[in-house]
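Enquirer: Starting from the given sequences, assemble the full structure and let the hints guide the process.
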Amino acid sequence: MSNAPSANAERPELLPNGSAAAAVLSAGIGSLALALINAIADRTAAFKLLLTFSKPVGPLSGVTTIAVVFWIAAWIFLDLLWKRRELPLSRIGWGAIALFVLSLLLTFPPLADLF
Amino acid sequence: MEITTRSLWTLIHGMGFGALYLLAGSGALIELQYRFRPDNANSARALSRFFSWYLAAMAALAWLTVLTGTYLIYPWYRTPPPAGTANLAAYPRAFLLAHPSTSAWHSIGMEWKEHVAWLVPISITMAAAVVIRHRDQMMRSASLRLTLQIFIVLSLVAAGIAGFFGAMLDKAAPIGGGTPIQIVKENTK
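Chains as they are written, first to last, in the working numbering: chain G, 1 to 115; chain F, 116 to 304.
Because the hints were derived from the structure by calculation, they are not lab data.
The beta-carbon is built from N, C-alpha and C at its ideal position, and this holds for glycine as well.
Any given hint might turn out to be false.
What the hints assert, rightly or not - A short, non-exhaustive set of chain G residues, derived as facing chain F with CB atoms under 7 Å:
1. 17
2. 30
3. 34
4. 60
5. 64
6. 65
7. 71
8. 89
9. 90
10. 95
11. 97
12. 107
13. 108
To be verified - Across the chosen pairs, the derived CB separations fall in these ranges:
14. 247(F) <-> 54(G): 38 to 46 Å
15. 88(G) <-> 296(F): 50 to 58 Å
16. 283(F) <-> 65(G): 24 to 32 Å
17. 80(G) <-> 171(F): 20 to 28 Å
18. 200(F) <-> 49(G): 20 to 28 Å
19. 294(F) <-> 76(G): 41 to 49 Å
20. 85(G) <-> 214(F): 55 to 63 Å
21. 123(F) <-> 83(G): 40 to 48 Å
22. 275(F) <-> 53(G): 43 to 51 Å
Expert: Structure below.
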């Protein structure tokens, strides 16, 4: 019996990329959630009032809190769903970037007002 | 020479946390570009612990910036003046909206800044988590490295927009008030 360590013992096993993909896509989803919640609140007075979690801060407190909760929930959900899977990281990465860019644009008031 | 507590917090928020975040961003991009490559494996392993802390510190800075901005400074900015107040200088939002030449600083500047800034902690926290938890993926996946680089660039764009409007708003309608803190005692003769 040889005492030499096997090649596998020296090289740590590579994990599937599903968890990394979940982290990336959830950042895009969370960003878009923030932009959309803000856009909806701007058009619905009752929803805007509901989002006032903190009176001194106003609706911004609700918009950001809900978006952060939504982002973390999406991250946990996608992580549970994908952690054992090997996924096309490139496509998911570009999708997440597209969501993030869309969020950047939708938070710009003159553009958000067009919808 | 003195400064008020509110001005000091505005400085800590913008020139402290926010500016440090922007400065740290370029370092993160260079590390990602040159260290996390399969042909640079030893260097990446040696530096990945440092880089994990570096990105975690950037994420902490981003959270500190948005939390102090939203929950400390923004309420001072948006406080409505009592009815009949003629001098609006102590009420930045009302002051800006009262003049056609400055109202867009609020309706575009502040409205964009207060939301776009929150995209920064979301993106950089994701980048930090991926580097901390998925170092091996970083080594073997060029597309994951590229995605993180683009997210960091976009987070710098978002932080830059927030920083620019923060500086301009503070110029047009500074946050004042609070307790004065004397920095240098003047010698009056």
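Enquirer: Does the beta carbon distance between residue 123(F) and residue 83(G) stay inside 40 to 48 Å, or does it fall outside?
Expert: Check passed, 45 Å falls within 40 to 48 Å.
Enquirer: Quick check on the hint: residue 107(G) CB to chain F CB, less than 7 Å?
Expert: holds, 4 Å
Enquirer: Looking only at beta-carbon atoms, does the pair residue 85(G), residue 214(F) fall within the given range of 55 to 63 Å?
Expert: holds, 57 Å
Enquirer: Just tell me: holds or violated, for the beta carbon distance of residue 283(F) and residue 65(G) against 24 to 32 Å?
Expert: holds, 27 Å
Enquirer: Quick check: does the Cβ-Cβ distance between residue 275(F) and residue 53(G) fall within 43 to 51 Å?
Expert: Given range 43 to 51 Å: violated, Cβ gap about 28 Å.
Enquirer: If you take the shortest Cβ to Cβ gap from residue 89(G) to chain F, is it below 7 Å?
Expert: Holds - the Cβ of residue 89(G) comes within 7 Å of chain F, reaching about 5 Å at its closest.
Enquirer: Using Cβ atoms only, decide whether residue 108(G) comes closer than 7 Å to chain F, and label the hint accordingly.
Expert: Holds: closest Cβ of chain F sits about 6 Å from residue 108(G), inside 7 Å.
Enquirer: Under 7 Å is the threshold here; is the Cβ of residue 71(G) close enough to any Cβ of chain F for the hint to stand?
Expert: The hint holds - residue 71(G) has a Cβ within 7 Å of chain F, the shortest such distance being about 6 Å.
Enquirer: Take the shortest C-beta to C-beta distance between residue 90(G) and chain F; is it under 7 Å?
Expert: holds, 4 Å
Enquirer: Grab the minimum C-beta distance from residue 95(G) to chain F and call the hint holds if it beats 7 Å, violated otherwise.
Expert: Result: violated, 10 Å to nearest chain F Cβ.
Enquirer: Between residue 80(G) and residue 171(F), does the C-beta distance stay in 20 to 28 Å?
Expert: The hint (20 to 28 Å, Cβ to Cβ) holds, given that residue 80(G) and residue 171(F) are roughly 24 Å apart.
Enquirer: Does the interface hint hold: is residue 97(G) within less than 7 Å of chain F, judged Cβ to Cβ?
Expert: Result: holds, 5 Å to nearest chain F Cβ.
Checked against the numbered hints given earlier, this structure breaks hints 6, 10, 14 and 22; the rest are met.
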